[in-house]
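Asker: For reference, the chains in residue letters:
Number of protein chains: 2
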Amino acid sequence: MKCEVVAVGTELLLGQIVDTNSSWIGEQLAAVGIDSHFQTKVGDNPRRIADALRLALSRSDAVIVSGGLGPTQDDITRDVIAEVMGVELVHDEMVAAKIREMFSSRGREMPANNLRQALVPDGASTMDEQPGTAPGLVCPMVVDGVDKVVYAVPGVPMEMRQMVGGTVMTDLRRRAGDDATIASRVIRTWGNSESGLAEVLADHIDRLDSEGHATLAFLASGVEGLKVRITAKGPDQASVSRLLDAEEAEVRAALGDIVFGVDDDTMESVVLAGLARSGQTLAVAETISGGYMASRLTPAPGSHVLLGAVVATGDAVRQRLYRLAEVEVADSDRGSVAEAAALAEGVRQMFDADVGLATAGLSDTRRPSGEVAVAIATSSGVDTVEWRLPRDHDRVRQFSCIGLLDRVRRTVIAADGR
Amino acid sequence: MKCEVVAVGTELLLGQIVDTNSSWIGEQLAAVGIDSHFQTKVGDNPRRIADALRLALSRSDAVIVSGGLGPTQDDITRDVIAEVMGVELVHDEMVAAKIREMFSSRGREMPANNLRQALVPDGASTMDEQPGTAPGLVCPMVVDGVDKVVYAVPGVPMEMRQMVGGTVMTDLRRRAGDDATIASRVIRTWGNSESGLAEVLADHIDRLDSEGHATLAFLASGVEGLKVRITAKGPDQASVSRLLDAEEAEVRAALGDIVFGVDDDTMESVVLAGLARSGQTLAVAETISGGYMASRLTPAPGSHVLLGAVVATGDAVRQRLYRLAEVEVADSDRGSVAEAAALAEGVRQMFDADVGLATAGLSDTRRPSGEVAVAIATSSGVDTVEWRLPRDHDRVRQFSCIGLLDRVRRTVIAADGR
Numbered sequence: 001m002k003c004e005v006v007a008v009g010t011e012l013l014l015g016q017i018v019d020t021n022s023s024w025i026g027e028q029l030a031a032v033g034i035d036s037h038f039q040t041k042v043g044d045n046p047r048r049i050a051d052a053l054r055l056a057l058s059r060s061d062a063v064i065v066s067g068g069l070g071p072t073q074d075d076i077t078r079d080v081i082a083e084v085m086g087v088e089l090v091h092d093e094m095v096a097a098k099i100r101e102m103f104s105s106r107g108r109e110m111p112a113n114n115l116r117q118a119l120v121p122d123g124a125s126t127m128d129e130q131p132g133t134a135p136g137l138v139c140p141m142v143v144d145g146v147d148k149v150v151y152a153v154p155g156v157p158m159e160m161r162q163m164v165g166g167t168v169m170t171d172l173r174r175r176a177g178d179d180a181t182i183a184s185r186v187i188r189t190w191g192n193s194e195s196g197l198a199e200v201l202a203d204h205i206d207r208l209d210s211e212g213h214a215t216l217a218f219l220a221s222g223v224e225g226l227k228v229r230i231t232a233k234g235p236d237q238a239s240v241s242r243l244l245d246a247e248e249a250e251v252r253a254a255l256g257d258i259v260f261g262v263d264d265d266t267m268e269s270v271v272l273a274g275l276a277r278s279g280q281t282l283a284v285a286e287t288i289s290g291g292y293m294a295s296r297l298t299p300a301p302g303s304h305v306l307l308g309a310v311v312a313t314g315d316a317v318r319q320r321l322y323r324l325a326e327v328e329v330a331d332s333d334r335g336s337v338a339e340a341a342a343l344a345e346g347v348r349q350m351f352d353a354d355v356g357l358a359t360a361g362l363s364d365t366r367r368p369s370g371e372v373a374v375a376i377a378t379s380s381g382v383d384t385v386e387w388r389l390p391r392d393h394d395r396v397r398q399f400s401c402i403g404l405l406d407r408v409r410r411t412v413i414a415a416d417g418r
Numbered sequence: 001m002k003c004e005v006v007a008v009g010t011e012l013l014l015g016q017i018v019d020t021n022s023s024w025i026g027e028q029l030a031a032v033g034i035d036s037h038f039q040t041k042v043g044d045n046p047r048r049i050a051d052a053l054r055l056a057l058s059r060s061d062a063v064i065v066s067g068g069l070g071p072t073q074d075d076i077t078r079d080v081i082a083e084v085m086g087v088e089l090v091h092d093e094m095v096a097a098k099i100r101e102m103f104s105s106r107g108r109e110m111p112a113n114n115l116r117q118a119l120v121p122d123g124a125s126t127m128d129e130q131p132g133t134a135p136g137l138v139c140p141m142v143v144d145g146v147d148k149v150v151y152a153v154p155g156v157p158m159e160m161r162q163m164v165g166g167t168v169m170t171d172l173r174r175r176a177g178d179d180a181t182i183a184s185r186v187i188r189t190w191g192n193s194e195s196g197l198a199e200v201l202a203d204h205i206d207r208l209d210s211e212g213h214a215t216l217a218f219l220a221s222g223v224e225g226l227k228v229r230i231t232a233k234g235p236d237q238a239s240v241s242r243l244l245d246a247e248e249a250e251v252r253a254a255l256g257d258i259v260f261g262v263d264d265d266t267m268e269s270v271v272l273a274g275l276a277r278s279g280q281t282l283a284v285a286e287t288i289s290g291g292y293m294a295s296r297l298t299p300a301p302g303s304h305v306l307l308g309a310v311v312a313t314g315d316a317v318r319q320r321l322y323r324l325a326e327v328e329v330a331d332s333d334r335g336s337v338a339e340a341a342a343l344a345e346g347v348r349q350m351f352d353a354d355v356g357l358a359t360a361g362l363s364d365t366r367r368p369s370g371e372v373a374v375a376i377a378t379s380s381g382v383d384t385v386e387w388r389l390p391r392d393h394d395r396v397r398q399f400s401c402i403g404l405l406d407r408v409r410r411t412v413i414a415a416d417g418r
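Chains as they are written, first to last, in my numbering: chain R, 1 to 418; chain V, 1 to 418.
Just so you know, the hints here were simulated from the structure itself, not pulled from any lab data.
Treat the hints with caution; some may be incorrect.
Put simply, identical chains are the same to the list, so a pair is met inside one copy or across any two.
Said to hold, decoys possible - As a list, the in silico SDA-like pairs of lysine to any residue whose alpha-carbon atoms are at most 25 Å apart: (1) Lys-148 / Thr-126; (2) Lys-233 / Asp-383; (3) Lys-227 / Leu-208; (4) Lys-2 / Arg-54; (5) Lys-2 / Leu-55; (6) Lys-233 / Thr-10.
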C-alpha cells in the first residue's frame, strides 16, 4: 500500500508557512507500515494541482491532499478533485446545514461564500470529523482500471489531524486489508545517542523483526530526549496493550535508568512529580540559563512544588545568594562549580526550599563560553558537575537545564526510593 | 524563470525531520521574483530521486536539490545527478584537499568514506561556500535542447543557507538575465493586524506596483510581530540603499509608532537599548509568564541593564514583594492589576532598579484563565493594564511579555525622548 501526500497552498511555496502537515501525516503512515514515497507542495493553481494529483495517483494507491477547502475563490481543491474524477460538484444539504449551524451557534449569519464548502464531488463522501466549516472528503475513483482514493482534508493542522487520525487512517488500513488493532507507546530517554541505543537494542530489534508483531523506532527529539516508539499490532485492544506492556518492560530492562518517562511525560513533569511524592519543594537560581529552566518548569503539571526562581544576572543578587549560602565566591570563580554550588544553596535558603538548583557559566560578547556548571543543594550537601557544550545560547540553556533535571531525577528522586 | 525545489531524505518522508529548507528557499526565490511552482520531498532511493529530478527539469529551468551529499552509502544525490546528466563522477582533488584539511585542523584523520564527497559529476563545478565537508554543486545540463541547471546543496540548514544565499541565487539571477542589484529591509511592527496594515498601506502599495522599483510584503510572525519586507531593485548598491531608505521613511510615516524596529531588532533588544541609552536599569517579577520574559531578555544584546528577575510562584516570595512595595494585596486581588502593580514596585525595590516590570494572572488545572495583568513601576508611579488572551500557556506568556515590553517602549522610553 502506497500513499502520497500533496499539500496545496501558494503560501507554502513562498515560505510564508512551513508545511508541517506533510511531516505529521508521514509519521502516521510510517507507524502503520504504509509507504509514502513522494510528498509534493503545489500552489493554488487548478492545472498544477490536477497535474500533481494525477501524477500521485499514477504512482500510488491513495493520495492525501491537504489545504484548499476554505470558502474563498482561491480554495479550489474540491473543484480540481471533481475534474480529476470526471464528475460534477453537487450540493450536500447535510454539510450545508452543519455549516449554517456552526455560524448560528455563534450568533452569526453564514456568509454566502461558505456554501461553496457544501459542494462535494459526485460519488465522494464526507468525513464524520468536522471541527471547522470545511468537510473532509473521501473520493474513490478508478485509475487505469485500479481502485484508488483521494482524501481531501483542510490545511488547518488541528482539523487535518482529527480527520487523518480518524477517517483517513481507518479507511486506508481497511483498503490495505489490515484489520488488526494497532497502537504505539513512546519510551523517553536522556543520556545516550541514537546509535548507542540502536546498539544496545540491536538483538532485541532483530528478534522483533522476525516475530513481526511489534516494531521499535528511534526519534531524536533534541532537548526532549531520544524517544523509542514501540508500535504493536494484534487482533484486539487487550492483546495490543499486553504486547506494549511486555515490550516496554523489555526496553526498560535493556536501557536502564536512561529511561525517564513514557508518552506525555516530560523531564520537568517527572522531576516535579518525584519531588511532590516525597513532599519536597524546589527553588532555582539561573545565570547562564537566564530564566529558561523556570519557563520550562512553570507550565508543567506538578509545578506547585516550585516555590520560586531567581534569574541572577546582576552582581548584587548574586552576592546576596552567596551570603545566604554563607560562602565567598571570588571573581575568578564566576561561572565555575564553586559559584553554582553557592547559588544553589543560596536560593534554597532564600525560598526556604528542600532542593535548590543552579546553573552558572560565562559568556563573552553575548556568546556563552559553553562551559557550564550546575549544582543541586539539599540539606545533606551540594552536588555539582561541569559540562562542555556548544557555544550556542539555545543549546547551552536547553542542555544545561534538562541535564540538571535529569541529575535531580537520578540522585535526589532515586535516593528517595519511590 | 522557474525553479523547483527537491528535498532528499527518507527521514523527511517519515516525519522525523520537518523540511524547513524548502520553505526558506521558496522565500528567497520569491524575494527576487523567481517562480517556484512545485516542491517535492523524496526518499533516499536512486530511481525515485532521478524521477523527481527529471520531472522537475521538464517543468522548470532550474532545480535546487537539498540533502544526500553526506559521506555515507545512503547519500546518493551526486550519483543520481551524474546519471541524469549522463556523465561519470570524477575525483576533484581540490575538494578532497579541503575536506582533508578540515579534519586535520581538528587533529583528526579523514575517514576514507569522506572521499566520496570529493566526487563531482563531470562538467559540474563546486561552490565557493563550503562550511562543512559537503561541497555544493552547480550542474549545468541540456534538456530537450534547452540549457538548464541543477544546484545540489547539503541538507544541513546552515550549510544550505550559505550556498543558496550565495552562489545559487547569484547564478540563478544571472541566468534569468537579471543584473540588477536587489536588497531587502524588514520593518518590524507590533499592534496591528495584517489586514489592518494592508489597509493603511493600500494606496502606497498601488503606487509601488505602478512604479515597479520596490515591493512590500507582509509576514505575520506571531510573537515576533508583523513584518513588512521592503524589496528594492536598482542598477547598483547605492541606488538600492537610497530606495530602501526612502521606502522605510514612507512606511514609518504611514504606520506611526507601531514600528518598533528594523531587520535584526527584536522587541527585547529595542527596549534594552532604549533603557541603556538613558542609563536606566530593569528588574522583572513574573507569575503567569513563569520565567519566559527573563528567558527572552537574557540572551538579547543590552541585557546588562537587567539586574535580575524573580519567578514568584510561591506565596512567600509574593508576600515579600508586596511588603517591599509597601502595599497589601488581598487574596481576591490575585492575578489582578493590583497584584501586578505590587509585584512590579516590589521587584524594583528588591533589585534597586529604575524600572520594575511584572506579569500576573491566574490559572486553574494548569490552564491560564487568559486574563492577564501587567505593570510598569518607575520612580514616578505604576502604570498597569489588563488584557484578555486565549487560554493557552504559550500565547499567554508570549503576548503578555511582548505586549508589556511594547508598552515600556511606548511609555518609559518614548518619554525619555530619544
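Asker: All hints are to be evaluated individually against the structure, with a verdict given for each.
Answerer: Here is how each hint holds up against the structure:
Taking the shortest alpha-carbon separations for Lys-148 and Thr-126, only the intra-copy value of 17 Å comes in at or below 25 Å, while the best inter-copy value is 44 Å. Taking the closest pair of Cα atoms, Lys-233 and Asp-383 never come within 25 Å of each other, the shortest separation being 45 Å inside a single copy and 60 Å across copies. Proximity of Lys-227 and Leu-208 under a CA criterion of 25 Å is satisfied intra-copy only: 18 Å inside one chain copy versus 51 Å between copies. In this homomeric assembly, Lys-2 and Arg-54 come within 25 Å of each other (Cα to Cα) both inside a single copy, at 15 Å, and across copies, at 21 Å.
In this homomeric assembly, Lys-2 and Leu-55 come within 25 Å of each other (Cα to Cα) both inside a single copy, at 13 Å, and across copies, at 20 Å. With identical chains, the CA atoms of Lys-233 and Thr-10 are at most 25 Å apart between copies only, with a shortest distance of 24 Å across copies and 39 Å within one.
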